[in-house]
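**Student:** Below, each chain spelled out in residue letters.
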Amino acid sequence: MRSGETLIPVLGVVTEIRRETPDVKTFRVSAPGGGAVFPHMPGQCAMLSIPGVGEAMFSITTSPTTKAYMEFSIKQTGLLTDWLHGMEPGQQVAIRGPYGNAFPLETELKGKDLLFIAGGIGLAPLRAVILYVRHYRDNYGKVDLVYGARSKEDLVFYEEVSKDWASSEDMQVHLTIDRAQEGWEGNVGFVPDFVRSLDFSPKCSTLVCGPPIMIKLTLDALWGMGFDRTKTFTTMELKMKCGVGKCGRCNIGSKYVCKDGPVFRCDELAELPDEY
Amino acid sequence: MLKLPVSQMEELFASIASEQSLYLPLETNGLIAFSRWEEGKQARFDQLHCAGSVKDFFFPQTENLALFKTSGKEIHIEENRDPEEAFVVFGVRACDAGSLSILDRVFYDEPADTFYQTRRRQGLIITVACNAPEETCFCHTFGLDAADPGGDVAVWLLEDMLYWDSRTEKGHALTERLRGLFEEAGDQGEETVRKGKADIGKIIDRLPLRDLSLERFAGDGMMEKFDAPQWESLQEACLGCGTCTFVCPTCHCYDIRDFDTGHGIRRFRCWDSCMFSDFTLMAHGNPRPSRLARFRQRFMHKLAYYPENHEGLYACVGCGRCITKCPVSMNITKVIKTLGVDQHA
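Protein sequence lines, in the order shown, are assigned to chains A and B. With the working numbering applied, the first sequence covers 884 to 1159. With the working numbering applied, the second sequence covers 697 to 1041.
Chain A extracted, bound-state conformation (with noise of 0.2 Å):
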């Protein structure tokens, strides 16, 4: 950045948008030059901004792995998030980050089994660490991904998860959604109930991404199971301003979910309040 000032945000152009659901999109987004506008790791997150709109946080989908672009998955749900469901290929955007720490799959996760436990939007993140895994196979063990939504119509990157990631030999794939619906084959039932159903071994390393109660519930499942807290992550989402641990709104105790987070480690987030 220009004046190595982090709250400046640079250029960002969209050069793509997917509807992934009826209400979140998919937004491609490259430097005016071309390529990813900064490198980051799967888990890390962007400001996005229109100015005069608003500027919010949003996790990178895409892996590091793809030079050319960066992807945000975004539900409309707000102000901003209106605005950019309305734009159209060609609009510039601010940008500034990346924020906040990652999975650590250089450390902690390499040559493990992982699981993967989504719930609607929540897919979004953990589809970075799932294009990362996917790239670098050979580094991970078994790869499992638990993934629900309210209808199929919710299901996030639908096509990508029900056809290349289930029919590949790299990973299983176990969907579910909340009701049952015409031409629904697969599970239907919540997320933590679907968890409890499979029979997976307590020793994988576990991430979990999904809306707050979704993931108290799957992490109580998974204690149930016998899993363990310091092999289970998950991601929190909370309003942020600043992006780097000082405009003071985005903590859960001593902990800054823009700087120390979003990835939290459930042994350390067993030791913080329960604020969020």
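Under the rule of at most 30 Å between Cα atoms (straight-line distance), these lysine-lysine pairs were calculated in the DSBU-like manner: (1) A:Lys958 to B:Lys769; (2) B:Lys769 to A:Lys1122; (3) B:Lys737 to B:Lys893; (4) A:Lys1122 to B:Lys765; (5) B:Lys998 to A:Lys1099; (6) B:Lys765 to A:Lys958; (7) A:Lys1035 to A:Lys908; (8) A:Lys1025 to A:Lys950; (9) A:Lys1099 to A:Lys958; (10) A:Lys1025 to A:Lys993; (11) A:Lys1122 to A:Lys908; (12) B:Lys1030 to B:Lys893; (13) B:Lys765 to A:Lys950; (14) A:Lys1122 to B:Lys998; (15) A:Lys908 to B:Lys765; (16) A:Lys950 to B:Lys769.
Sample of chain B residues at the chain A side, in silico, Cβ under 10 Å: (17) Phe764; (18) Ile771; (19) His772; (20) Arg777; (21) Phe922; (22) Asp923; (23) Cys970; (24) His980; (25) Pro1003.
Hints were generated in silico from the structure; no laboratory data involved. For each residue, glycine too, the CB sits at the ideal point set by N, CA and C.
Take the given structure of chain A and dock chain B to it, following the hints.
**Tutor:** This is chain B only, laid out in the frame that chain A set:
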């Protein structure tokens, strides 16, 4: 140590102001605040605390960050820093001077805040010892000494004489420039200052908050404090007005906002307050939905979270502004007393 008769202070101000902007406690409309000094303006060292703290110079209430120009799908981004100036703040008390080392740890932490960093580089702090600490003072609780207030230059105003002790490279450079105005304080001067400091110490020993202690806050037990039942009664009177956060020399929460000027979007940052309900409000909910949660956040930050991240250093300097300014007379000393004692009773 150097000295100068108090009657020649105006000359000293004029010399400083000839090359740097000089800010002093000045009275405007009945309020004493750090304001830009000009010839003929009377410095007011008779009141201990200026309305705002010295934080305002380094982390101003609002400041510009960037300017955006948009046309169609294109955005143009420019940095938009407020102009820099070399400045001296004269009359800073030990508490405010101490607050800067607390803020430094936040804003210098990588990635450093270059806005704050630039102002710290440009600013020079001349402290003044507090000859008469007041009943709302408790800087001693945090290891600060009203009699030896630190800064780039420390000043004592005793017996119609100004004693000048430069403490840093920046302070030495200023002293060098002003050297002609001063005389050596000599042994007699040193003795006067020693006695002055002892007198201040005696006043501190009689202060009502003399024995306020954080001993019980030291160490772990963050969750024990968080879950303490006393928060319920402590927060009852709080209006959530945020006054304490704005007058506090160590509060540093901020917001970043955009303003459409009509010829560009100006992005600025401004103070924010953890006491406000929209501080943590997101589209999907609020992790601190109650006044209790917000009230607790402010004090847990100062007394538990900040110390945990900064080797036990508390994020309070005992200036007492929150005691004076809170409309319902709630303040950090009550929190310290209530939580520090009762929960172990």
